[in-house]
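As a plain string of letters, each chain reads:
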Amino acid sequence: MTALPGPALQQAVPSRLARVHEVLAFEWTKLRSVRSNYWTLLIAAVVTLGVTAIVAQSFTSTPAPGHGAAADPLASSFLGYAEYTVLPVTVLAVLVFTSEYASGLIATTFTAVPGRRAVLAAKAAVTGAAALAAGELLAFACFFLTQAILSTHHRGLSLSHPGVPGAVLAAGCVLAACALVGVGLGAIIRHTAGAIAAAVAVIYLLAVFCLILPSPWGTRLGKFTVPFAAYQAVASHPLAGLLSPGLSMLVIIAWPAATLTAAAIVISRRDV
Amino acid sequence: MRLSPGSPPAIGVLAVAVAFAVFCLTDLARARQVRYLPKWGWALLICAAIPWGGLAYLIAGRARTPPGTGVDVPAAVPGVRASGLRVPRRVSVSAVVIEVDRLTKRFGPVTAVDGLTFSVRPGQVTGFLGPNGAGKTTTMRVILGLDAPTSGTALVGGRRYQDIIRPLHAVGSLLDATAVHGGRTARFHLLSVAQSNGIGRQRVTEVLELTGLEAVAGRRIREFSLGMKQRLGIAAALLADPPVLMLDEPVNGLDPEGIRWTRELFRSMAAEGRTILVSSHLMSEMALTADHLIIIGRGRLLADTSTDRFVSAARRDVLVRSPRAGELSGLLTAHGAAVRPEGDGGFAITGLDAPAIGDLAAVHGIAVHELVPRHASLEQAYLDLTSTSTDHHMRTPAPEGTAVS
Numbered sequence: 001m002t003a004l005p006g007p008a009l010q011q012a013v014p015s016r017l018a019r020v021h022e023v024l025a026f027e028w029t030k031l032r033s034v035r036s037n038y039w040t041l042l043i044a045a046v047v048t049l050g051v052t053a054i055v056a057q058s059f060t061s062t063p064a065p066g067h068g069a070a071a072d073p074l075a076s077s078f079l080g081y082a083e084y085t086v087l088p089v090t091v092l093a094v095l096v097f098t099s100e101y102a103s104g105l106i107a108t109t110f111t112a113v114p115g116r117r118a119v120l121a122a123k124a125a126v127t128g129a130a131a132l133a134a135g136e137l138l139a140f141a142c143f144f145l146t147q148a149i150l151s152t153h154h155r156g157l158s159l160s161h162p163g164v165p166g167a168v169l170a171a172g173c174v175l176a177a178c179a180l181v182g183v184g185l186g187a188i189i190r191h192t193a194g195a196i197a198a199a200v201a202v203i204y205l206l207a208v209f210c211l212i213l214p215s216p217w218g219t220r221l222g223k224f225t226v227p228f229a230a231y232q233a234v235a236s237h238p239l240a241g242l243l244s245p246g247l248s249m250l251v252i253i254a255w256p257a258a259t260l261t262a263a264a265i266v267i268s269r270r271d272v
Numbered sequence: 273m274r275l276s277p278g279s280p281p282a283i284g285v286l287a288v289a290v291a292f293a294v295f296c297l298t299d300l301a302r303a304r305q306v307r308y309l310p311k312w313g314w315a316l317l318i319c320a321a322i323p324w325g326g327l328a329y330l331i332a333g334r335a336r337t338p339p340g341t342g343v344d345v346p347a348a349v350p351g352v353r354a355s356g357l358r359v360p361r362r363v364s365v366s367a368v369v370i371e372v373d374r375l376t377k378r379f380g381p382v383t384a385v386d387g388l389t390f391s392v393r394p395g396q397v398t399g400f401l402g403p404n405g406a407g408k409t410t411t412m413r414v415i416l417g418l419d420a421p422t423s424g425t426a427l428v429g430g431r432r433y434q435d436i437i438r439p440l441h442a443v444g445s446l447l448d449a450t451a452v453h454g455g456r457t458a459r460f461h462l463l464s465v466a467q468s469n470g471i472g473r474q475r476v477t478e479v480l481e482l483t484g485l486e487a488v489a490g491r492r493i494r495e496f497s498l499g500m501k502q503r504l505g506i507a508a509a510l511l512a513d514p515p516v517l518m519l520d521e522p523v524n525g526l527d528p529e530g531i532r533w534t535r536e537l538f539r540s541m542a543a544e545g546r547t548i549l550v551s552s553h554l555m556s557e558m559a560l561t562a563d564h565l566i567i568i569g570r571g572r573l574l575a576d577t578s579t580d581r582f583v584s585a586a587r588r589d590v591l592v593r594s595p596r597a598g599e600l601s602g603l604l605t606a607h608g609a610a611v612r613p614e615g616d617g618g619f620a621i622t623g624l625d626a627p628a629i630g631d632l633a634a635v636h637g638i639a640v641h642e643l644v645p646r647h648a649s650l651e652q653a654y655l656d657l658t659s660t661s662t663d664h665h666m667r668t669p670a671p672e673g674t675a676v677s
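These protein sequence lines map, in sequence, to chains A and Y. Going left to right, the first sequence walks through residues 1 to 272 as the working numbering numbers them. Going left to right, the second sequence walks through residues 273 to 677 as the working numbering numbers them.
I should point out that these hints are in silico values taken from the structure, not numbers from a laboratory. Quick caveat, the model's predicted, so the values are computed rather than measured. There's no promise every hint is true.
[Claimed, not checked] Partial selection, computed: residues in chain A whose CB lies under 8 Å from chain Y: (1) A25; (2) V34; (3) S36; (4) E83; (5) T108; (6) T111; (7) P114; (8) L205; (9) D271; (10) V272.
All residues carry an ideal CB built from backbone N, CA and C; glycine is no exception.
With the sequences and hints as input, model every part of the structure.
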């Protein structure tokens with residue numbers, strides 16, 4: 001072998017934007033190249049739309065439009081979505097980190113990109129963006145499906161009705177927020193089972209817990225949980241005693257912000 | 273600054289999302305006929321926004337080039353693109369050295385690496401040896417910035433691995449070939465790793481061909497044998513054509529052809545002036561591959577020597593068989609030799625070489641049926657060295673050094 005002293009030695013320091021793009025491409029390729037992600041999303045979408053149709057159908061048979069959860073034609077569009085989309089997508093988001101920790105691939109990831117917070121941010125950005133896209137798509141699908149069924153009984157809302165587009169968009173955002181909570185908890189806990197349990201607890205069980213608290217405390221604490229806040233954000237008639245829709249959206253954003261901040265703190269302080 | 277092809281759509285999506293969000297907020301405010309946020313609500317909004325701004329800053333901050341990290345290790349995507357299907361023979365003029373200095377790593381009460389100091393030089397294959405649990409993998413993980421050292425330093429090319437920009441261009445590494453996502457195809461696995469360091473698609477195809485995986489590139493990794501996963505791991509390590517290669521047990525699970533291929537790969541890459549550190553528990557393999565040996569046990573350095581010197585310094589003796597063994601052994605002892613009977617009637621003689629023993633026997637008229645000069649194999653020398661430092665001894669009688677040459 002002859003030594004070829006080199007032009008290759010000239011160091012091309014990549015620009016900041018180029019490197020941000022590299023990390024995002026890294027995570028995006030990993031996300032899109034696992035087939036089970038697509039299957040999970042597809043099944044979640046099918047089940048969600050099915051449940052949404054059943055909910056809408058049963059809603060048409062109630063005698064008179066009343067008030068509250070069951071009577072809100074906007075919020076009821078998202079009853080199926082709130083569980084059969086949010087839960088599987090949150091689990092997928094948890095797996096973004098925990099599957100790498102389980103297989104050991106995380107070592108390759110952090111060897112390729114030693115900036116662990118950059119990896120966390122890229123995973124959050126890519127997962128959040130994918131969840132937002134899926135969420136908006138399904139939220140609109142759920143809305144149109146529900147209103148199509150309700151309109152046969154002349155109770156449907158149109159998208160041009162004030163407050164409706166905002167609520168549907170907010171429903172899509174909730175999915176992204178829950179996915180980000182999943183990413184953060186996955187990064188913190190590292191074990192799939194534990195992280196999924198924690199995500200379910202944060203997203204669903206805290207609200208269930210608040211429901212069983214004695215009277216004033218149920219709403220006092222409950223309004224800061226994701227399901228209560230999400231209801232306020234998507235309902236056409238928000239409930240009194242809870243936070244306003246705008247503040248509820250802040251609550252929904254605060255959960256992933258807190259989780260990801262905690263993840264950013266621990267992820268660079270410990271051994272992989 | 274050149275925008276990559278993916279950027280304009282991304283910016284477009286972002287713009288649409290922001291527009292939608294603004295619309296959504298104004299729409300909600302109009303519908304509810306309320307001031308959308310009370311005064312303290314805005315304060316809360318700003319507070320909630322801070323972590324997001326922080327995260328964005330972290331992405332940007334990570335990406336910033338710190339002054340002086342201008343990296344004298346070759347990065348050179350052009351060189352990567354130009355290289356052909358053979359092992360690319362770009363030579364790093366600025367030879368990159370791995371330096372481990374008084375490195376200690378404790379996991380709770382367990383000291384995995386204990387004051388380890390060595391350096392790995394370019395232009396040769398360095399074998400990194402030690403019994404199970406000696407601290408080889410931990411040392412490599414510390415070098416790669418995966419584990420933080422309790423004390424001491426581990427530097428590549430004079431800087432910490434974490435401080436190297438696009439580190440795959442400086443160090444190609446393989447720690448655990450099975451640490452891959454089984455649901456991903458080989459090509460996508462390599463593509464994602466390539467993208468993380470700005471390496472083009474063309475190079476992914478090249479390393480697939482180089483490692484003989486092009487036929488299975490589209491198959492999911494869970495269908496791969498261990499040997500194929502090893503090839504995949506080596507392919508990932510070679511992606512950026514790095515001047516330093518660091519591999520943990522790379523021949524595990526490879527077939528003989530694959531073992532020979534990796535051996536030739538390492539030797540040719542070392543000949544190009546690269547720095548190659550290969551850990552193994554297969555001494556016989558290291559004897560053929562490594563020019564230099566770093567042997568550790570219980571986290572401490574046991575030997576840092578060239579392979580030749582290590583073998584020649586190993587214990588030598590002479591096997592003697594004679595019908596008048598008792599008489600001969602007395603004679604040899606009288607001449608300063610140490611005599612150790614072996615189970616089958618032979619004697620292992622140290623302190624005298626074979627001609628001297630033969631002459632002595634001839635002078636006293638003692639018939640000698642066997643006279644075999646032996647030196648310990650690399651394997652035996654290694655076992656001798658590490659036997660005192662193994663955590664878990666196997667309680668089987670160790671076979672004596674087999675005769676070599």
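To see whether the hints hold, each was checked on the structure:
| no. | hint | verdict |
| --- | --- | --- |
| 1 | A25 | holds (4 Å) |
| 2 | V34 | holds (5 Å) |
| 3 | S36 | holds (6 Å) |
| 4 | E83 | violated (23 Å) |
| 5 | T108 | holds (6 Å) |
| 6 | T111 | holds (5 Å) |
| 7 | P114 | holds (4 Å) |
| 8 | L205 | violated (23 Å) |
| 9 | D271 | holds (4 Å) |
| 10 | V272 | holds (4 Å) |
In this structure, the hints that do not hold are numbers 4 and 8, in rising order.
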